[in-house]
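Take the two lone chains and join them into the complex the hints point to.
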Amino acid sequence: MIRVESPGLFTTVQDLGRPGFGSIGVSASGAADSVALRLGNRLVDNPEGSAALEMTLLGGTFEFPEGARAALTGSDFGATLDGAAISLWTTFDIRPGGTLQIGATRSGARCYLCAQGGIAVELFLGSASTHVLSGLGGFHGRPLRKGDVLPIGPATGVTFREPSIPTEVLARLTPRTLLRVTDGPQSDWFPETSRRIFYNSVYRVTEEANRMGLRLEGAAVAARSSGEMITEGVSPGAIQVPGSGQPIVLFVEQQTTGGYPKIANVIAADLPSVGQLRPRDEVRFEHVDFDTARRLLVEQEELIRAAH
Amino acid sequence: MVDLDPVRFQPASDQSLLVSFGDEITPAANDRVRRLLHLLQSDRVLAVVNLHPAYCSLLVRFDALSIGHDELEAILRSYVARMEEAPIPEPREVEIPVCYGGEFGPDLDELAAMHGMTSEEATALHTSTTYTACFLGFVPGFAYLAGLPESLATPRLATPRRKVPAGSVGIAGNQTGVYPCSTAGGWRLIGRTPYAMFRPSEGHMSLISIGDRVRFRQITPGEFAKLSDTCA
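Sequence lines, in order, name chains A and B.
Each position in the first sequence, counted from 1, maps to that position plus 52 in my numbering.
Each position in the second sequence, counted from 1, maps to that position plus 1306 in my numbering.
Hints listed in this document are in silico derivations from the structure and should not be mistaken for laboratory results.
These numbers come from a predicted model, not from an experiment.
Residues from chain B that keep clear of chain A, each with C-beta distances beyond 12 Å, as calculated:
#1 ASP1337
#2 ARG1383
#3 PRO1397
#4 VAL1400
#5 GLU1401
#6 ASP1415
#7 GLU1416
#8 THR1424
#9 GLU1427
#10 GLY1453
#11 SER1457
#12 ALA1531
#13 LEU1533
Derived, one-sided and incomplete: chain B residues facing chain A with beta-carbon distance under 7 Å:
#14 ASP1320
#15 LEU1365
#16 ALA1370
Listing some non-contacts, in silico: residues in chain B with all C-beta distances to chain A over 12 Å:
#17 PRO1312
#18 TYR1385
#19 ARG1398
#20 ALA1419
#21 THR1436
#22 PRO1455
#23 ARG1519
#24 LYS1532
We put the CB at the ideal spot given by N, CA and C, even for glycine.
Here chain B stands alone, though its shape is the one from the complex (with noise of 0.2 Å):
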């Protein structure tokens, strides 16, 4: 077994416990929290109410008038010693139609330019890798998206937009995603997908689930228009 950094522990409200597997983004913690959410769904704890996963740690949220930090951390610590030999579903393979550039993805000239290259360039490489999606959180089915290549990687905007448009997809430093509903946001749009990315009721409730490995798929406006008919 592979060392692993020690699991912590921190009350981050009267509320809530903060489980964090150290202080780096690496697939290990990210594997890490994945399995703890997991188990915690599968094999409930009553007082938990609610559960917010990140990149290296989960937020566990819990009804104060029946449990306190220390007797949650026992439980806890009992949950991380078990997760790794529980049983957990594979990782699902999804694939998004995007229509890149242009109205759909107004930054994308000006991200390519920054980056010496052209759009046609930064569509190709967005499209050439397979990213894995760390955790769902900001709103609801909004999946952060790991793995795009550092050529891509480009700060947010100086200003937020006030309404990004519903199936943006978007370019924050090294991270990539996809807003599923009209928000503000300082991501740098790059293209636009025509599929519903929160989906409450199917059974994920969502296109994309933690764990999940991610592509896009280039599609033209016409294409964009017949998907849109189709996923309204």
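The shape of chain A in the complex, shown without the other chains (with noise of 0.2 Å):
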């Protein structure tokens, strides 16, 4: 089990998402970073889709009355297990009785706690996930808090292979700020002009962005301002563009519907970087084609599966 000491800024149970319940409104939700999810799960030898703890920003104190073997992936927020420094990527063995302290992020927004076994929650429509908005899913449907206690499940029995990510992987799968994507069901919406300042503009990430989406702020593109559009279902990683002109990204808990034009959608292989952006960060914008988008993930899918 997982006593929690200090539940950090935002920590949730998330695993692979529960696809499969939009036509009832429900997005699919998961992991922000789904390859350092996956990539932790396999250093522990779960399943890659086990559930785990999604920290954002600022990790917390947990303690481990039992033990476990655990690993952290994603951002490095500087942990120490009972006081001595531990490296991200790495298998390591906490002792009963043992605390981990997670610290602040030195580099992106989310670092994951992956236990062998994986966090044991009720699942809730397939998932452990926490859907935050609708208050279901994960413990108790909410982000931790001081004195949750989470049991963990068995271990699956898996050999015990590698003990860490080797570098010129993890090298090929960091995160990216500048953003790849293809073209989103409106960009013929957006004249010449305002797709170039799109593609040629940094953008901020503002306070606004969490799990849902992520507010941009930065230069202003303009939709030609012809008709209203009929709300339509949204894909994850959908760029849209309200009247103020400045983009939206929506994200893994995102609406399964919306009302605004939308110029790209950031292709499936740059989802988890999506995950990895802080208020404050900038990020780019690079269009490739669908062939391309592809290519991509398969080579992003090829280094994962290696990885481990």
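Structure follows, in structure tokens:
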């Protein structure tokens, strides 16, 4: 079990989400940086979709009364185990009664704590992910609080392989700030001048950045004004542009439908990078075609599979 | 058979395809959305991971590692070709009790005044109609209801509320709907229901399903309190 001594800023239980319920308005949710979650689970010999703790900007302090095998992945929050520094992307053993203390971020927005056996919360619609807006899933549908006690599941008995992820693999999976995007369904609503502005400008992530979406600020992008859009389904990574001209990237806990025109859509391979963006980080966008997007996803997948 | 708009397929992202049945909100287009959704739910395509319906379109999310836009479009075309003949469940009739005005519907008086009527008249109008649930979207269990009397159509609030109480009944343009959970929102609030809209432990997982016929029934604050006790 894990006893929460301090929860950190915003720590939730996440797995790879619950796709399949969009027709009742439930977005897939799941880890903001799915690459970090999958690799972390591999490090502790879990199925890669096992539930873990997702910490945001500031980590927590956790006591393990029975001990555990664990790994930290994602961004470096600076962690100590019983006072001694421990590395990211490496398996370590926690003695019974040991305490893991995780600090504030030194790089990106999210750090994952994966424990062998996974966080054993009750599944909601087939997933352990916390859906914060509706207060469902995860641990009582909410971020963790001091005093919470989370059960760890039984280990699956997979053979233990390498205790860490090779640095050359990690280098190629480093989160990006130049996000690759494809056209969105309303790309042609934006005149060439607007598209040029969008692809040549630096956008800053505002304080309004969470699992539902990230509001950006920068050069305004104007859509042609003719006609109201009819609300339609939206994909994760959709970049919608409201009247203000400031883009919004819809993210894992997105609304399932939306009524603003979408200039572009972050490719699947770069969505985990969005999960590492912090307020005040700067991003740019690079246009790619659908074949390139698919090739990049296949390459990333091969890298993850070969990583460990 | 009546002439239908041609179906349009458009990549919405590298892992989704948007299927559109025209550019107008019509009962016919919405019926086709419901039919395609139902067929894809009853006869599943393995690579399809999620479905986001709306008024006249269906967003189909797929596993980009196992299928591409063109291959999926070919499959979906065969679904569209046979969806008109495929059996589809009859819409249900759903009645939702609502306590109108006051603290339950803080925008009712102003909305009624904007249309030159009393709050009682606005309430009577809102409860006089049978609405159609065009789709569920935005947040879990939020049904977009069509059929609002034209004389009640009102633009959204200029500044959305940071927090709308769960169960709030709102109006935005010519749509009406019920907020299933407490969220930010810009719809004008005219009342509140004590019923839970999102019901994940029940078969349909939502009080209202796509295609359902919905009516609102006025209740008193006393009845609201009593019903709250039974559906908490």
